[in-house]
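**Student:** One-letter residues, chain by chain:
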Amino acid sequence: MASAQTYTPIATQTIGSAVATVTFNSIPQTYTDLVLICNPEGSASGNGIILNVNGDFGSNYSDTMLRANGSAASSVRQTNNSCANISNLSGLPTASFGTYETHFMNYSNSSIYKTILSRGSNADSGGGVDVIVNFWRNTNAITTILVSTTGGNFMTGSMFTLYGIAAA
Amino acid sequence: MIIPGILASGVSGHLGGNYYSIATQTVGAGGVSSVTFSSIPQTFTHLQIRLAILTSSGTPDFAFTFNGDNGNNYDFHGIEGSGSGVNGGNSGTNRANMPIAVGGNASTVPSVAILDVLDYTSTSKTKPMRSLLGYDGNGVGYAMIRSGLWYTTPVAITSITATVSAGTVNQYSSIALYGVK
Chain L
1 MASAQTYTPI ATQTIGSAVA TVTFNSIPQT YTDLVLICNP EGSASGNGII
51 LNVNGDFGSN YSDTMLRANG SAASSVRQTN NSCANISNLS GLPTASFGTY
101 ETHFMNYSNS SIYKTILSRG SNADSGGGVD VIVNFWRNTN AITTILVSTT
151 GGNFMTGSMF TLYGIAAA
Chain G
1 MIIPGILASG VSGHLGGNYY SIATQTVGAG GVSSVTFSSI PQTFTHLQIR
51 LAILTSSGTP DFAFTFNGDN GNNYDFHGIE GSGSGVNGGN SGTNRANMPI
101 AVGGNASTVP SVAILDVLDY TSTSKTKPMR SLLGYDGNGV GYAMIRSGLW
151 YTTPVAITSI TATVSAGTVN QYSSIALYGV K
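Going down the list, the protein sequences come from chains L and G.
Numbering-wise (the working numbering), the first sequence opens with residue 1 and increments by one.
Numbering-wise (the working numbering), the second sequence opens with residue 1 and increments by one.
Calculated from the structure, these hints are not laboratory results.
By construction, the Cβ of each residue, glycine as well, lies at the ideal position given by its N, Cα and C atoms.
Be a bit skeptical, because a hint or two may be false.
[What the hints assert, rightly or not] One-sided and incomplete, this derived list gives chain G residues near chain L with beta-carbon spacing under 8 Å:
hint, residue
1, Ile22
2, Ala23
3, Thr24
4, Val27
5, Pro41
6, Gly78
7, Ile79
8, Val109
9, Val112
10, Leu132
11, Asn138
12, Gly139
13, Ser174
Between the sequences and the hints, there should be enough to build the whole structure, so can you do that?
**Tutor:** Below, the structure is given as structure tokens:
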């Protein structure tokens, strides 16, 4: 059974001055899955990290979220949403850099809807951990990813890296 | 192009050469009820299975066995968010397999999972594993974390079979096996 190296860095963006969005364009279609590693700090508390793919801001996203804040666990669902959530709804830390790992499964397959699997943590006081399954009701291959915050900016030093995983 | 606020950006090569694609099962027209990876190389330290599957109906289990072991030698614990509540649970009595993805519930809603199997070549340790999994169908779904153990007499894992408990795994589903050095 042969094997081949993969998990390839596609692009990295490191924030030099506060920005509201980060975009990955012209994503190669030569992989099976994408992995987006976000290490952001926000400028304003009470905000989350969201995604839009292929410039789609329509009500074509939904999610199921499992989250815990150190004292309680809960689960919420959003339907017909205008973005994907990759953090708890107020998950973007402002006193530390969070860790968010998002998997775009079968992103280049143009025959199926896309399921996006995330896990993240916010180490601020009042932060927490979460697992989120997002659903994008579109069969198009994902070619662009826009990362935003629901309020404020991503601060200096925030880092965003996109990897590609190719199946044999 | 200069993007305001972006200090640096770049593209580089492989991630240290430590992550390898071993094999992929992509399901064709007609679907399948099971997939098998056999003759798994013993040259890695850990295995990772990444899957996105469509199922024909209902919410079946998609369950893994190792080395053809269908005995009651599997166990798991997990926590699940259903969208309205949180449930913690375990496999109760010993199971004959390790369930990973619990149904996409429709032919258009992929159920996804990432399963890590640690130190799979060891002949002195039982095999621990963890998984991150779920699906969302715009009003139905779950998000879940599980740990698991295949606790038969320690042997290296040389084959993995995944079987759907009802119906079939449909076209466009993929189950991919990776090795981590």
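**Student:** Where does the structure disagree with the numbered hints, that is, which hint numbers, in rising order?
**Tutor:** Of the numbered hints, 4, 6 do not hold.
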